[in-house]
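K.L.:
One letter stands for each residue in the lines below.
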Amino acid sequence: MIDHSAHFIADHIHELKPSGIRRFFDLASKMDNVISLGVGEPDFVTPWNVIEASFHSLELGYTAYTANAGLLELRQELSSFLETSYQVSYDAEKQLLITVGASQAIDIAFRAIINPGDEVIVVEPSFVSYAPTIKLAGGEPVVVEATEEFAFKIQASQIEQAITNKTKAILICSPNNPTGAALGLDELNQIARVVEEHDLLVVSDEIYADLLYDESFTSFASIENMKKRTILISGFSKAFAMTGWRLGYAAAPEAIIAAMTKIHQYTIMCAPTMAQYGALEALRNSQSSVIEMKNSYRQRRNYVVKALNEMGLPCHMPGGAFYVFPSIKETGMTSEEFAEALLNEQRVAVVPGHVFGESGEGYVRCSYATSMKQLTEAMQRMKIFLKDKIK
Amino acid sequence: MEQKEVELLQLLEKNGRLPADTIASMLDLGIDEVASMIEKLEHECVILGYSTLVNWAKVLKHESVTAMIEVKVTPVRGKGFDHVAERIYRFPEVKALYLMSGSYDLSITLEGQTMMEISRFVSDKLSTLDSVVSTVTHFVLKKYKHDGVVFDKNDDQDRRMMVTP
Chain A
1 MIDHSAHFIA DHIHELKPSG IRRFFDLASK MDNVISLGVG EPDFVTPWNV IEASFHSLEL
61 GYTAYTANAG LLELRQELSS FLETSYQVSY DAEKQLLITV GASQAIDIAF RAIINPGDEV
121 IVVEPSFVSY APTIKLAGGE PVVVEATEEF AFKIQASQIE QAITNKTKAI LICSPNNPTG
181 AALGLDELNQ IARVVEEHDL LVVSDEIYAD LLYDESFTSF ASIENMKKRT ILISGFSKAF
241 AMTGWRLGYA AAPEAIIAAM TKIHQYTIMC APTMAQYGAL EALRNSQSSV IEMKNSYRQR
301 RNYVVKALNE MGLPCHMPGG AFYVFPSIKE TGMTSEEFAE ALLNEQRVAV VPGHVFGESG
361 EGYVRCSYAT SMKQLTEAMQ RMKIFLKDKI K
Chain B
1 MEQKEVELLQ LLEKNGRLPA DTIASMLDLG IDEVASMIEK LEHECVILGY STLVNWAKVL
61 KHESVTAMIE VKVTPVRGKG FDHVAERIYR FPEVKALYLM SGSYDLSITL EGQTMMEISR
121 FVSDKLSTLD SVVSTVTHFV LKKYKHDGVV FDKNDDQDRR MMVTP
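The listed protein sequences correspond, in order, to chains A and B.
1 is the number of the first residue of the first sequence in the numbering used here; add one for each residue after it.
1 is the number of the first residue of the second sequence in the numbering used here; add one for each residue after it.
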């Protein structure tokens, strides 16, 4: 039957490109015996105490809506967590908002700040939803490219060159998906100087903050004078292995949180109640699980980086998250061709780099959030795959 | 003990068969360093052995019986509990022995082929020891988890989608 409904779709949605990751998902899902390094989420199951606390909240009958901004108890716990972990203090009642994943926080942050035609500088390669979210909010994403030359760390000078009189904000994500690159204090300070000079706002996606392996994490909001210019976005998905719970948050100055909460209350009402009770337990009693998972990721990162470099796919040591971003340029293939051939010939799924922005071309994203057994097997298969492809 | 030694121990405790070169990559060490670290830890008796966790319930005709026995004893002057403990742990069928706080003193994990074997051990060997005052024997009906490993293999299935952003 012919579907005539397409002409009802709004023009700007027609123009929105579907995520390139989708096509790859369809390909990989039809095959057997695939080892996937294509998964952007932890391989751990949520710590049991968190699951149990959520059960218990349901048993007690906590099944109604919470306050729009989220359970006050959770915001208070979050406020002290942010203070102890990252030395940033936010008022639980006025400066924090619990959202449906960090993704929703990003969405409403842009909807709250963008006037039609405002530009937002986006650092690519990046998570797939940034540019579309900005467009959906009526803004113009302006891409700056983090290059391998600087270990995929964006330079403040590159940001500065992209600034126009329409620039409203800069979106940064450190540690980064897909490169794993983490900005150091120096780099953040330089970006802060540019932000101050041009009177900009920073949307700082810090979802991988707790998965930084060799240094301690610096929140952009903790840099001098930056708290009033930062929308800090994070969530429970990555550090606590709670992706499916869909729970994130935004921390920002009062007026911005009030504006975001306005959108939130009309479109979502509140984040799921049982997930909020789980998150409360996560903040209170799961730090040891986080450290255990983090140690395991670090060990796997070391293993994978060494294995990839040895097989001829050069790759820098990423500071955080659970991705490595090796160059496949030596093979002469595009990242799409590489990923497809690797899947067909050796049944290993990786994500072609161009999915994360044009500057990702020539690279693939490998997630090491999978068991050592699977990783070892995947590295062996990739080595065989590369045998006749690299001179 | 340095951090890398602790990590090495944690890795081997989970998987005693992890190859040295893999451990070396994971901990960012040379293979030789890992080998000498393991040797040192074995020498110091920090590493006491490498064993395999077997689900004997799945091996036909080799199903075994496990019992946990609570034992109350009279400690011997000058030797405390150690003397009687040694008398007990020398028996090869004693798989584990702990000194406990609380309402009894020693906890024994005993393995045998049959219930009869266990009861014979308790009545002939254990109860007849001079310092043993009383025993309570509990038989294990089903093992769900042992040494951190869940026996039901469906437990560690990867339930994630194949590719996600």
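Note that these hints are calculated values from the structure, not bench results.
All values derive from a computational prediction rather than experimental measurement.
Ideal Cβ placement from N, Cα and C applies to all residues, glycine included.
Incorrect hints may have been included.
[What the hints assert, rightly or not] Here are the simulated DSS-like cross-link-like pairs (lysine-lysine), alpha carbons at most 25 Å apart as the crow flies:
1. B:Lys4 - A:Lys294
2. A:Lys94 - A:Lys168
3. B:Lys79 - B:Lys95
4. A:Lys135 - A:Lys17
5. B:Lys79 - A:Lys306
6. B:Lys153 - A:Lys373
7. B:Lys14 - A:Lys373
8. B:Lys125 - B:Lys79
9. B:Lys72 - B:Lys125
10. A:Lys306 - A:Lys168
11. B:Lys95 - A:Lys306
12. A:Lys373 - B:Lys58
13. A:Lys294 - B:Lys14
[Unchecked claim] Okay, the calculated bits of chain B under chain A, using three or more residues with CB under 8 Å as the criterion:
14. 43-57
15. 145-153
K.L.:
Run every hint past the structure and note whether it holds.
P.N.:
Structure-based check of each hint:
{"no.": "1", "hint": "B:Lys4 - A:Lys294", "verdict": "holds, 15 Å"}
{"no.": "2", "hint": "A:Lys94 - A:Lys168", "verdict": "holds, 23 Å"}
{"no.": "3", "hint": "B:Lys79 - B:Lys95", "verdict": "holds, 23 Å"}
{"no.": "4", "hint": "A:Lys135 - A:Lys17", "verdict": "holds, 11 Å"}
{"no.": "5", "hint": "B:Lys79 - A:Lys306", "verdict": "violated, 54 Å"}
{"no.": "6", "hint": "B:Lys153 - A:Lys373", "verdict": "holds, 15 Å"}
{"no.": "7", "hint": "B:Lys14 - A:Lys373", "verdict": "holds, 13 Å"}
{"no.": "8", "hint": "B:Lys125 - B:Lys79", "verdict": "holds, 21 Å"}
{"no.": "9", "hint": "B:Lys72 - B:Lys125", "verdict": "holds, 15 Å"}
{"no.": "10", "hint": "A:Lys306 - A:Lys168", "verdict": "violated, 41 Å"}
{"no.": "11", "hint": "B:Lys95 - A:Lys306", "verdict": "violated, 41 Å"}
{"no.": "12", "hint": "A:Lys373 - B:Lys58", "verdict": "holds, 24 Å"}
{"no.": "13", "hint": "A:Lys294 - B:Lys14", "verdict": "holds, 16 Å"}
{"no.": "14", "hint": "43-57", "verdict": "violated (count 0)"}
{"no.": "15", "hint": "145-153", "verdict": "violated (count 0)"}
Hints 5, 10, 11, 14, 15, counting from the list given before, are not met by this structure.
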